[in-house]
Amino acid sequence: MRHVVGGRPLHLTRSDAASVTAIEMGVPPSVERDHGVLQELLDTSSRASAARTAGAPTGLFQIGHLRAPQDFVLLAQRTLVRCQLLVNRISRAHTPRETALVVQHLDRLSDMLCGVIDMAELVRHAHPDKAWATAANDAYEYLCNYMNVLNTHTELYDALRRVMDDSQLYQQLSKEAQAVALIFLRDFEKSGIHLPPRERERFVDLSDQIMVLGRAFLQDLSTGTSDAVIEFPTELLQGLDLSLLGQSLLRLRPAKTISVVPGSWELHYISRHAPNPEARRLAYMMSYTGRDMPVAILEQLLRTRYELARLTGKESAAEMALVDKMAGSSEHVSSFLRLMAHAQRPAAQQMIAEFGALKHKLEGTSHMDIWDRDFYAEAYLQLHQPAQLTPLSPYLSLGSVFTGLSRLFYLLYGIHFRAAETQPGEVWHPDVLKLEVVDETEGGVIGTIYCDLYSREGKPPSAAHYTVRCSRRIDQDDAHLDVELGASPELPADTSTEHLLGVVGAPSRGRPGRFQLPVVVLMTDFPSMGHGGASLLRWHDVETLFHEMGHAIHSMIGRTEFHNVSGTRCATDFVELPSILMEHFLVHPQVVQLTAHHHRTGSPLPYHQLQQHLDTQKRLDALDAHQQILLASLDQRYHSSRAGAPTFSTSKELEALQAEMGLFPPVPNATWQGQFGHLFGYGATYYSYLFDRAIAARVWDKVFAKQPLSREAGEEFKNQVLRYGGGKNPWHMLARLLKEDDIARGDSRAMETIGRWGLGCPTSYELP
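Just so we're aligned: 13 in my numbering is position 13 of the sequence shown, and the numbers increase by one with no gaps anywhere.
There's no promise every hint is true.
Stated by the list, open to error - Listed next, the in silico DSS-like pairs over lysine-lysine satisfying Cα-Cα at most 30 Å (straight line): (1) K706 with K718; (2) K728 with K739; (3) K728 with K618; (4) K359 with K618; (5) K702 with K728; (6) K361 with K618; (7) K314 with K652.
Claimed, not checked - Pairwise CB distance ranges (calculated): (8) E189 with L218: 25 to 31 Å; (9) T154 with K706: 40 to 46 Å; (10) T601 with R756: 45 to 51 Å; (11) T647 with G502: 55 to 61 Å; (12) L244 with R202: 48 to 54 Å; (13) Q617 with S462: 19 to 25 Å.
Hints are computed from structural coordinates only; laboratory data are not their basis. Quick reminder that beta carbons are idealized off the backbone N, C-alpha and C, glycines included.
Go ahead and model the full structure; you've got the sequences and the hints to work with.
And the structure:
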């Protein structure tokens with residue numbers, strides 16, 4: 001079989017057991033040919049053949065205005081002019097026709113800005129060329145500053161209010177348009193636009209302070225520059241392999257101390273592996289007490305958030321943050337977390353008791369302190385894992401896993417991946433793979449996924465899903481009227497109505513109009529090729545890939561008419577559902593059959609080998625779940641009205657919470673919270689992952705568990721949930737999908753219901 005990518009034929013000669021299995025399960029041979037090409041691109045050195053390097057650059061993401069780094073700022077400047085024309089037009093909307101178009105135009109305005117901002121966000125982190133990264137960062141900040149101005153633009157807000165206050169006009173909007181209007185209204189009011197001028201100025205000042213404090217908090221977290229180097233006594237490290245600490249010379253030239261930094265990986269290593277309990281205690285105390293600077297920054301951040309919330313009439317920062325989330329209120333979140341804690345605590349306590357029994361054997365006492373946790377968790381795993389675990393990586397080549405994912409999506413949703421040729425200058429690194437997402441129902445491509453999969457110097461080490469462009473209906477855009485109705489003397493005379501990002505759109509079968517197709521980037525940090533060309537993954541890497549691809553497919557399938565509710569643009573405590581659900585698919589034997597095959601022989605992974613790994617991995621699940629519940633509860637406390645008390649202390653709150661629901665005795669005056677970076681980014685929504693874990697477990701059990709590869713089940717999930725993005729009330733979507741009407745109201749009872757569902761866990765399956 002031959003397939004040409006990038007002008008070079010690819011030859012597939014090995015009989016692929018996975019392909020045979022997939023065809024038997026219902027994947028057509030024509031789709032399997034695409035999978036064969038994809039696997040060879042990923043598992044052999046021919047992957048570079050998917051990119052053209054000769055010829056004039058077509059521009060980043062094939063955008064003609066992005067052929068060189070300096071083009072980024074020029075694109076941002078032209079975008080701002082276009083946006084200002086549209087802003088003027090919306091502000092002047094007083095005729096019935098123009099007023100009726102306000103929500104559509106606000107969404108188009110948001111799309112114009114996000115189309116550059118989101119792309120710049122990706123490029124400034126991923127592009128290896130410093131000139132490109134710098135230019136992208138400049139464009140990002142330039143347009144973000146303008147977006148902040150628009151968030152407090154009173155004329156835009158007034159135009160939206162005219163639409164929403166006119167009940168006849170509002171009812172004529174589609175349900176999706178009404179959802180978008182509500183999103184804009186909440187965003188405006190979260191920016192304090194409804195406040196009197198003096199309070200609005202204070203709102204802007206507090207918002208700026210929060211950003212500065214948040215950056216300082218994260219900077220201290222990442223660098224630890226506020227802490228001096230501390231000397232750790234080596235007499236406490238007997239029995240510990242010091243070579244991993246870079247201290248092997250100590251055997252030749254003994255020293256009384258080694259230099260460590262609070263919170264460093266060296267201290268974590270000591271905590272996890274040092275046999276001496278005093279070494280573990282000292283490592284903990286060095287890292288998690290006495291770090292006053294980050295705690296002071298955090299407390300100022302929390303007080304400022306509280307003041308901002310009170311300025312807007314909210315009781316707390318949590319109340320302000322949760323107004324547009326599924327949970328709705330901090331009381332609902334607290335109720336959910338209490339139920340979760342009650343369910344998880346017995347198993348977590350049993351785990352600590354088993355740790356204590358191990359400690360009694362080694363140290364003569366079963367009393368467990370918090371600094372003992374990591375050491376005895378490691379000892380417990382070593383005790384219970386099989387004497388010999390067969391490596392999984394030879395069965396987990398990147399090509400095998402990726403094609404398995406594509407087969408799964410075809411069987412569930414009728415969509416699959418097809419490798420596509422990239423043009424000169426289209427991608428930011430030669431290793432980036434371009435995938436077209438093909439839908440058999442639509443009869444063509446419904447979106448594009450760019451995959452930046454391999455580690456390299458300067459690239460962020462964490463996995464991420466970037467939305468570069470969202471779905472949006474574009475045939476009704478009347479940009480020519482922006483110039484006519486939005487012109488003003490201070491704006492440059494730009495009468496061109498071309499789409500600055502080169503979007504032309506495509507028809508959508510069964511729906512009128514033309515749609516902007518979604519574009520996302522999947523970024524991971526997988527090892528570069530070895531082993532005869534294949535990049536072999538760890539099981540954790542496969543979990544990461546499945547999780548992030550859940551986000552990507554949500555972006556592909558969530559093809560709405562409005563940018564602001566497309567795909568993953570939905571409530572924070574709903575957005576993780578599709579990706580966590582993917583973790584349940586990952587461990588099912590039928591999915592493993594499609595996914596895991598030896599990179600040389602093609603033989604399938606024996607499921608019992610995976611089962612051993614999964615059984616070992618899940619032994620600490622109860623303990624990890626309890627820790628997440630505790631952290632989510634701490635996040636709620638910190639963002640409650642407690643933050644407004646003159647005596648507010650994050651250390652005292654942590655100590656009180658540990659005494660109330662912790663598994664270990666509290667540590668007085670601890671400063672552990674100074675390293676909890678999610679307190680800035682999540683801000684009262686850290687519960688979201690636990691919440692979506694509970695929902696995903698329920699969806700798996702009621703929709704997919706009996707027949708995981710059922711197209712009927714896949715279509716049900718796609719048509720009830722994925723396709724609407726944030727365009728429908730998530731409670732209503734779940735109630736219809738699960739046929740549980742009692743949760744549709746999204747009230748306290750609904751939250752308690754989900755709390756009673758429990759977290760569930762993707763688990764291994766007993767085979768006959």
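So, going through the hints one by one against the coordinates:
{"no.": "1", "hint": "K706 with K718", "in the structure": "18 Å, holds"}
{"no.": "2", "hint": "K728 with K739", "in the structure": "16 Å, holds"}
{"no.": "3", "hint": "K728 with K618", "in the structure": "35 Å, violated"}
{"no.": "4", "hint": "K359 with K618", "in the structure": "21 Å, holds"}
{"no.": "5", "hint": "K702 with K728", "in the structure": "21 Å, holds"}
{"no.": "6", "hint": "K361 with K618", "in the structure": "24 Å, holds"}
{"no.": "7", "hint": "K314 with K652", "in the structure": "24 Å, holds"}
{"no.": "8", "hint": "E189 with L218: 25 to 31 Å", "in the structure": "27 Å, holds"}
{"no.": "9", "hint": "T154 with K706: 40 to 46 Å", "in the structure": "55 Å, violated"}
{"no.": "10", "hint": "T601 with R756: 45 to 51 Å", "in the structure": "47 Å, holds"}
{"no.": "11", "hint": "T647 with G502: 55 to 61 Å", "in the structure": "58 Å, holds"}
{"no.": "12", "hint": "L244 with R202: 48 to 54 Å", "in the structure": "52 Å, holds"}
{"no.": "13", "hint": "Q617 with S462: 19 to 25 Å", "in the structure": "20 Å, holds"}
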